[in-house]
Amino acid sequence: MRARTRRLYTFGIAALLVLAASILAFFALRENANLFYTPEILAEKGMPKPGREVKVGGWVEPGTLSYTDGGATMQFTVIDNSPSTITVKFTGVAPDLFREGQGVVATGSFGPDGQFTARQLLAKHDENYQPRELKPLEAGG
Amino acid sequence: MIELGHFAAFLALGLSLAQGIMGLRGERRLVGLIAVAAFGVMSLAFLSIIHAFVTSDFSVALVANNSHTLKPMVYKIAGAWGNHEGSMALWCIVTIGFGAVAAAFMKTDRPLFEARALGIQGLLATGALAYLLFASSPFLRIDPAPFQGVGLNPLLQDPALAIHPPMLYLGYVGYSFVFALAAAGLLEGRIDRVWAREARIWSLAAFAPLTIGIALGSYWAYYELGWGGWWFWDPVENASLMPWLIGAALLHSITVTEKRDGFAAWTALLAVLSFLFSILGAFLVRSGVLTSVHAFAVDPERGTLLLIGLLTYGGFALGLFAWRAPKLEGGRPWTLISREGALMANNIVLIVAALTVLLGTLFPLIAEAFGRTISVGEPYFNLTFVPILALILILLPIVQAWAWGKADVKGWLRWAAGGAGLVALFVLLGVGPMNIPVGAAFGLALGLWLVFGSLWELKRRAITPGRVFKLPRRVWSMTLAHVGIGLFVIGAVVETTGRYESTLALAQGDTGTVAGWELTLDEVRSIEGPNWYADGALLTARKGSQMTTLEPSKRYYPAARMPTTETAIHKTGTGDLYAALGEQRNVDGQTRWVFRVYFNPMIDLLYAGVALIGFAALLGLWPTSRKVKPAEA
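Chain order of the listed sequences is V and X.
The first sequence lines up with residues 67 to 207 when you count with my numbering.
The second sequence lines up with residues 9 to 641 when you count with my numbering.
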């Protein structure tokens, strides 16, 4: 096989694969990039499609933490500096630094009733580390 | 003491610069001596940092910010690199160390080439040292010295994490010498067999510790974070996976250069990229542009400096590449259906896979520039990275038997039939009696296909079974690495699809059930450690005649005012019974403790697979005696 023909094939195969990967990546990102909602953004932009994975974040409203399911499931309200709130339900162990009044970011999806079921909870990690999404909120007050 | 170290580091900076200048001027003997001297001096600087940690000298700012008198000795030492400044010092000493070892062991009979490679390594060390001394110095004192230190991030007080950073850095920084070899080879205009023989050894020397380092980090995340999983597609994990993928591509491409003089330009490019992706990893982690547990020193200025370093090295190397690559020889002729063709396909797939990881890692940054906060998680990678890699793994057992130049493909139909039969069998099993998901059935078939395909190839090359152990070490190395990938695939598929998880809220004496195991909470007691205290639960787990106790606990580190989760893992032989203790909950006036309990089937197989890949790389690194003639197909 001549070097030129071979190069042509090589680039052809590479281009095809890159194209296929790009298409995959495009759809994967469109379907799976998790948008971030605070109660305020939610009120502004409206509810995402039920079942679609998104993230919500804000502060755990003091006094709203309660347990169901014999204690396995926790439920609390997330607030920010707006009048809106989001109710979050999570079955599992709370992160080490989870506290009422503290920042929290939950990954999961909204149900048709507007309640958010979290698959994973992240809390403010320590003084130096906290979920990136909460930084602008902190700065705002 | 620390001043002595500070002085030694300056001396190392001077020596590295001298190494750079003398190296580029071609003084092979002199540059070798300088490289060894620089290593001696830098070791002194590094030891002075460790000394400050061991003696808890809190007048040194780094120690005051990252250590504590009550910390166990191992973690005082490990604390030396468990922070930004210390880890950069580690980066420097590894860079210089690779130069010194290479100065002693390189044997290409090309003194000018060797001198230049060592010179470029010297310049890389100069850059790293300048960054260490002027932007993140570990040698600074504070006045007045505090009475007590702040303590290491408690998450990092762990045996796996004590050796994880040095391993990872041996890998990352190991590619600096591969980079130096590529630059020196391009300067000479010779990327040929002699070059490839040398570069292959150093690529393996970086690949082996990188593999082990990634595995250690993953295992740490598995048992320390208490989330039950082993890979989270965290930016930091991705930052280490990208150089690994490029490094794997490089190892395959280098073979073509060594055996057939082919792929010269492409191999040189990969050699350069492997190190550039390592620096990109450091930049992503250290600059704080992406959040993660590892971003201990978020400092935009440092990020900018790292970015400048990346662009300088990248610009230099890629410029050199653009200038020299067109002049490189093409090697012997080949057709697409040949070992060269197969290795080319391998390279394209690995690079595309690395690019999908890069896109997923950087996409949140791009989106943020457009004003929307988003994150990219596991589903994206499962839809892109996983099928792309699966593509090449399916082909692996078939194409590795292909000969150089032009392959005889008469046998391939048999292979294809065998593979299709295997998949069909598993899908049938999946749909029918065993009720496993089709994706998992496919993954299992793929894993077995890889394991047996690789062993079959070993047998084919040996011709008679008796000669299997007389095969060259590199054939064994290849086979074991591919078997390792097969074991990893089986472990990963079984673990991911077969994992049970459940949350239990238990009062004392209560019993809950997970994956057939009955767990009874006997008690929760207080435990005291050297620099922490803990709530420790005592769970009795029963399944049939099997019985064991699990003691998950939750530690509090008063110095850092931070809790950590200590999981309890019981190896059942088929998987891990895994329990993490959560918080105390008050339910209907009763005190309950909440547990996250998992059953992770075959997780050890996954780690055994990765360990086998690391071992295979080490085996390939071991010098072969020249007497054995490689039995090329």
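For the record, the hints were derived by calculation from the structure and aren't laboratory data.
Since this is a predicted model, take the numbers as computed values, not measurements.
A virtual CB, placed ideally from N, CA and C, is assigned to each residue, including glycine.
Fair warning: there could be bad hints in the mix.
Claimed, not checked - What follows is a list of derived Cβ distance ranges for each label pair:
1) V:Arg-73 / X:Leu-12: 34 to 44 Å
2) X:Leu-41 / V:Ala-86: 48 to 58 Å
3) X:Ala-398 / V:Ala-81: 35 to 45 Å
4) X:Ala-432 / V:Ala-86: 17 to 27 Å
5) X:Val-62 / V:Ile-89: 32 to 42 Å
6) V:Leu-82 / X:Val-82: 48 to 58 Å
7) V:Ile-89 / X:Ile-374: 15 to 25 Å
8) V:Ala-81 / X:Gly-327: 21 to 31 Å
9) X:Pro-154 / V:Ala-86: 50 to 60 Å
To be verified - Examples of chain X residues lying across from chain V (beta carbon under 7 Å, computed):
10) Ile-29
11) Arg-149
12) Ile-374
13) Phe-378
14) Thr-392
15) Ile-400
16) Arg-507
17) Ser-553
18) Met-555
19) Glu-591
To be verified - Just a sample of chain V residues kept apart from chain X, beta carbon distances all over 10 Å, derived:
20) Ala-80
21) Val-84
22) Ala-160
We went through each hint and held it up to the structure:
no. : hint                             : result
1   : V:Arg-73 / X:Leu-12: 34 to 44 Å  : violated (58 Å)
2   : X:Leu-41 / V:Ala-86: 48 to 58 Å  : holds (53 Å)
3   : X:Ala-398 / V:Ala-81: 35 to 45 Å : violated (21 Å)
4   : X:Ala-432 / V:Ala-86: 17 to 27 Å : holds (25 Å)
5   : X:Val-62 / V:Ile-89: 32 to 42 Å  : violated (56 Å)
6   : V:Leu-82 / X:Val-82: 48 to 58 Å  : holds (52 Å)
7   : V:Ile-89 / X:Ile-374: 15 to 25 Å : holds (18 Å)
8   : V:Ala-81 / X:Gly-327: 21 to 31 Å : holds (25 Å)
9   : X:Pro-154 / V:Ala-86: 50 to 60 Å : holds (58 Å)
10  : Ile-29                           : violated (40 Å)
11  : Arg-149                          : violated (23 Å)
12  : Ile-374                          : violated (10 Å)
13  : Phe-378                          : violated (12 Å)
14  : Thr-392                          : holds (5 Å)
15  : Ile-400                          : violated (10 Å)
16  : Arg-507                          : violated (14 Å)
17  : Ser-553                          : violated (28 Å)
18  : Met-555                          : violated (24 Å)
19  : Glu-591                          : holds (6 Å)
20  : Ala-80                           : violated (5 Å)
21  : Val-84                           : violated (6 Å)
22  : Ala-160                          : violated (6 Å)
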